[in-house]
Amino acid sequence: MKKRLFNRSRIELLYMLGTLIAACWLVISAVNSYVSEAYQKAYLSLSQNVTHNLEEIYVFEYSDNSTYDQFSNELVSIELLSDKLYENIRQNHNAYFPILNPVPEAAVTSAKTVRDAMLSFTQRLERLLSAKVSLEYSSKTIQALKDKLWRDSLNETDKLSIYRYLDAKSNLSDLSSTLRDNTSVVTLDNYIRLNKRVLKDISNEKKALIDSEVHRLLNQTNDFWLQRSSDTKLQIALSSVTLFLCLGAYLYWRQWLQQHVEAKLNKELLDNEKERSQLAMVVEHASDAIVITNRDGLTTWVNRAFEKLSGYQLAETIGKKPGDLLQGIDTSKEEIKRISDELGQGHTVQSELLNYHKDGRPYWIDIVITPIRNIHNQIEQFIAVERDSSDRKQLEQNLQQAVQIADASNRAKSTFLATMSHELRTPLNGILGMAQILESSVTQPQHKEQLSVLLESGNHLLSLLNDILDISKIEEGKLELEDIDFAIDELCSPIISTYSAICNEKGIQFKLNNQLPSGKSFRGDKSRIRQLIFNLLGNAVKFTERGTVELVFSSSQSSMSISQEQLNIDVIDTGVGIPHDRLATIFNPFTQAEASTTRQFGGTGLGLAIVKKLSNLMGGDAYVSSELGKGSKFTVTANLTPIANKEIQLKDKVSLDEQAIAQSLTILLVEDNKVNALVAKTFCVKQGHYVEVAENGKIAVEKVGKKQYDLIIMDNHMPVMDGIEATRIIRQELGSKTVIFGCTADVFKEAHDNFVDAGANHILTKPLQKESFIDALQRYQHLLLNSTPPENSNVIQLVRHDIMQLDCTNTEAELTLLDSTTESKQVRLHNIEQFKSIGEETLNTLVKVYSSLDVNGLKSVILTLRKVAQDSELNRLINKIDMLLDELNNDTVPNLEAMQSLVNLVEVNIHEAIRILDHQQGMRPSISTISPN
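Counting along the sequence shown from 1, when you hit position 575 you're at 753 in my numbering, and nothing is skipped either side.
Hints should not be assumed to be uniformly reliable.
As the list claims (entries may be wrong) - Distance condition first, Cα-Cα at most 20 Å in a straight line; then the derived PhoX-like pairs of lysine-lysine: (1) LYS884 - LYS915; (2) LYS876 - LYS915; (3) LYS324 - LYS337; (4) LYS374 - LYS318; (5) LYS499 - LYS486; (6) LYS689 - LYS808; (7) LYS864 - LYS852; (8) LYS811 - LYS689; (9) LYS536 - LYS486; (10) LYS499 - LYS536; (11) LYS499 - LYS511; (12) LYS290 - LYS219; (13) LYS720 - LYS811; (14) LYS876 - LYS852; (15) LYS262 - LYS219; (16) LYS378 - LYS318; (17) LYS571 - LYS511; (18) LYS498 - LYS486; (19) LYS881 - LYS852; (20) LYS411 - LYS219; (21) LYS1037 - LYS1026; (22) LYS498 - LYS536; (23) LYS1045 - LYS1058; (24) LYS515 - LYS498; (25) LYS1058 - LYS1037; (26) LYS515 - LYS499.
Hints in this document: simulated from the structure, not taken from any laboratory.
Input sequences plus hints: build the corresponding full structure.
See the structure below:
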């Protein structure tokens, strides 16, 4: 349609343009004709004046000055006329564009030539006129002198001589000397000679006038303008005909177009009428219900589908609002209000509503309401299209139920894993604990070897349990990657010490090929990188009977970010190899290369799946290439942020006995499992501590209420009262500040958080390991050994720790970067940055001020710390600060245990702040996590 309108406009424009050109041509031709006729008449008049004056000059007879002046003025007028014509032609020529100019360049040249010729011609006429005047004057003077001579008294001889002289029969020299001396005779002679000379000049001027080209030039100029006038008249005729034809053609085309448009409109009207009939039939028989209302919302028409859907007939709906008929008690009032507001603003509305059938049966509809406007953009009516969505709604409810069932299944899976973890770790705690106790007490080599086998089997069982839990965490998106600075050399040292011995024992060679520069360091999750390396090396050693196992480190530019590097880890072995058809699934969970692999080599098939998923979380991937019978090559990549080379400080290994704290502690062990209780009690007793056992949380609360303990080791799941409830009562109701170690087989973060929220200082994970237990004692020895400060002590020293060396795998830190909008996230990051900087500075000041026992100074420092804690929403830290402020407000300096607890809590939150801020500097996306403990 638009194309046809464009073509029609283009044709009309062409007609109008042709008419305009013809009209312009006619006007230009008329102007040229007028100008040409005017100039032709002017030059014709000039030619006639020249001829007239030339004729008069021939018959001119001088009578008086007035006749001469009149004739002279006529000559001047001729000159002025020719000059005026030239100037007029020149000005007109310069006043127009060349294409529109009625005066061509040739006319200007011709006018200039005529003007110059006319000037010369009038000058000759002027000279001829002057010569005739001189002739007349000299003739009259000669006659007067003759008369005077005859009157003078001359003798007859002199008269005869004068007569003969006048008759030109003699010369002046023939006269007598007396006559030659006569003044009148001399004067007469002079005038006679003048008369002759004038006659000669007149003859010459007449001849020149006769030969003058002025007549020819005037005739040529006159002919030029006459011819131009004739040409322009022909152009006028042609342009008039052209204009007439253009106008006629345009009018004819307009008439034809009008007829064509009318015919087309008639056809469109017929087509529209036919289409309306078809649309009416479609609307009438459409499967969707259609309702038309006026601007007030009153129904004016409904189709049959509406009658079938709602049960109401057309006659029952006319003049009523559809909502009054169809909506019921369970129809959303909020959605009805939203629809009303949107329609009030003239918007099209889409919605989902619950309506009610005439018989009271509810049904769901998808509805679209569209306002219809008139030519004045005013709403005249509304059209609503409704579709029965009851089946889809039922399907959605079924899907929602299925999702709930799936979620319940996942929760059941998580609960099962937590339960199995607890149930497996509880006996495993006893097995490994007793094995460690026996190992340190037996002396016979045979017994030590047997205990070593027992410990190795227990640790293998623990690793299998950890693999299953890691896969579960990864699949649920709960595995967190840490960002810490580490050097590759830090990874190499334990790898060499571990796998050199293992490979030597198996009779194969272990090679470490570190192609990275010495001291090369990155920021990333060091423990997870070590885990995937150990998984790959463990597989390689397991499936290699002879030859070598090689570990290769290299790096390349990351394709994800210019600020990152890709760490490449290759593990190459000369083992049994992997069939080609199994390479595509080798990284799938619970998948091994051959069905007989499990029988021959053991394993769950989770190690490579964990490697693949960990590498993906670190922005990399895992690949494998293998040849059956010749060996395999596994490649793992991780995108890490390179940092300045980190200085490696290797420390001498310190025995556990040297790490034990020197002072004996009174410990309350709360454990319902007798084996676990025996293991933990033995650990403590061997360290020289006194241990009491409580079988459940209720007994523990009773004991704490009656006796002061240095340490409480609290199990989680117990009968009568669990450990979390017991911890809460000890802290809140009894007000005890005794150090509490939570001990649980649960590995999920929620269990740890609940323990810490109840008031536990630290979390130990079953199976209880001697190293982790002694590490915890070392970490909290300032609270364990100085719970009661010595009397009359003037110097009480708080302890600051190296933030970056803190073991923050427990859940004491409550600082988090909550899910939020970009704007609130920036505010949150700013608050975390403030907490980090102000918290570190405040702790340094707190240590100094506390040693001086300055109550006001302590209060000022702690209030500053409370402000940044409040900004970062650290409620646990705020509660601890408020308890200390209560004592300071009573002019009491808090004891060392309470202050050290505050310092520790601030330190672990500062450590968490550093980790969060490092995440936001482009390390990698933050992943929802649970603690690995």
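- Hint numbers contradicted by this structure: Violated hints: none at all, because every hint is consistent with the structure.
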